[in-house]
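K.L.:
Sequence:
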Amino acid sequence: MNNLDAIYDFILNELRKLALDENFYFKPIKPKLSDLELIAINISAEYLSIDSEYQLFRHISNSKLNGMIERSVYNRRKRKLFPHMEDIRKLMVARFDETENIFIVDSMPLEICKNARANRSKICKESEFSFPSKGYCASQSNYYYGYKLHAVCSASGVFQSFDISTASVHDIHFLQDIKHQMKNCTLIGDRGYLSTTIQTDLFNYANITLDTPMRANQKNYQKQKYAFRKSRKKIETLFSQLCDQFRIRNNYAKSFSGFKTRILSKITALTFIQFVNVFVFGRKMNKIKVSII
1 MNNLDAIYDF ILNELRKLAL DENFYFKPIK PKLSDLELIA INISAEYLSI DSEYQLFRHI
61 SNSKLNGMIE RSVYNRRKRK LFPHMEDIRK LMVARFDETE NIFIVDSMPL EICKNARANR
121 SKICKESEFS FPSKGYCASQ SNYYYGYKLH AVCSASGVFQ SFDISTASVH DIHFLQDIKH
181 QMKNCTLIGD RGYLSTTIQT DLFNYANITL DTPMRANQKN YQKQKYAFRK SRKKIETLFS
241 QLCDQFRIRN NYAKSFSGFK TRILSKITAL TFIQFVNVFV FGRKMNKIKV SII
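Just so it is clear: in the sequence shown, position 207 is 207 by full-length UniProt numbering, and no numbers are missing.
The hints are simulated quantities; they were obtained by calculation from the structure and are not laboratory data. As the structure is a computational prediction, the values presented were derived from the model and not from experiment.
In silico SDA-like cross-links for lysine to any residue, where the CA-CA straight-line distance does not exceed 25 Å:
#, residue 1, residue 2
1, Lys90, Lys260
2, Lys17, Thr261
3, Lys90, Asn75
4, Lys233, Met214
5, Lys254, Ile123
6, Lys183, Thr197
7, Lys30, Glu70
8, Lys125, Arg71
9, Lys234, Arg191
10, Lys114, Asn142
11, Lys230, Ile172
12, Lys289, Gln55
Given only the sequences and the hints, what does the whole structure look like? Please build it.
P.N.:
Here you go:
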């Protein structure tokens with residue numbers, strides 16, 4: 001997994017089969033690297049667990065990409081390509097089984113700095129709407145400062161959609177967006193999504209059945225189906241893979257634009273590995289620690 005040139009060539013070749021164009025927005029001067037080639041470098045870095053641009057450009061200096069792009073230009077262009085990278089990710093997701101109607105929703109904390117530094121931190125504070133905040137993570141039983149990643153994955157383990165909110169926003173508010181993105185399906189969540197009002201609204205608006213485990217002291221208590229309890233572990237596994245191989249909890253971004261681009265890059269790289277596992281190599285989708293070359 002250390003041959004950057006070979007990995008980059010493979011990823012670029014597969015991306016060219018998906019994308020219709022090499023460049024996605026007008027430039028008066030044609031750059032040495034096309035937009036698609038830049039996205040391929042980004043996915044290659046995430047696949048190799050190269051988590052900082054400084055480290056990435058040390059690898060690039062010893063590859064055929066040396067001299068093709070300057071580090072600050074790479075950073076600016078990568079952030080501009082955020083919507084186009086998301087379009088490519090959605091193209092890969094669309095290739096998987098479209099007949100699935102069971103999905104899992106969950107969230108995970110994204111800490112940007114320790115609580116002791118929160119009051120003096122200037123990270124991601126360039127715009128008021130994106131200010132990070134303090135929140136509580138029930139699964140880890142601690143408070144943290146930063147953001148929260150909300151995500152929906154299929155029962156087979158592919159991220160369908162995701163969003164980022166400040167840490168203080170309750171998980172249940174993400175479901176207000178879900179009803180505009182999905183319909184005619186079953187959505188499995190944990191107790192954080194327990195709400196009769198939201199459950200009724202999702203069913204009436206988009207025919208989405210929200211299934212969450214009941215609290216033991218609720219009337220007419222019934223244990224959640226074993227199949228649903230087992231399926232819920234799928235998204236927890238994906239979150240663990242993002243933390244382990246893709247180091248999603250390491251933050252080197254200074255702006256919210258850079259932060260959200262980092263998160264998308266890691267999810268896109270994970271989806272790409274799943275994609276080539278199924279459609280190129282014909283192997284199990286979620287074996288993401290295997291070589292792709």
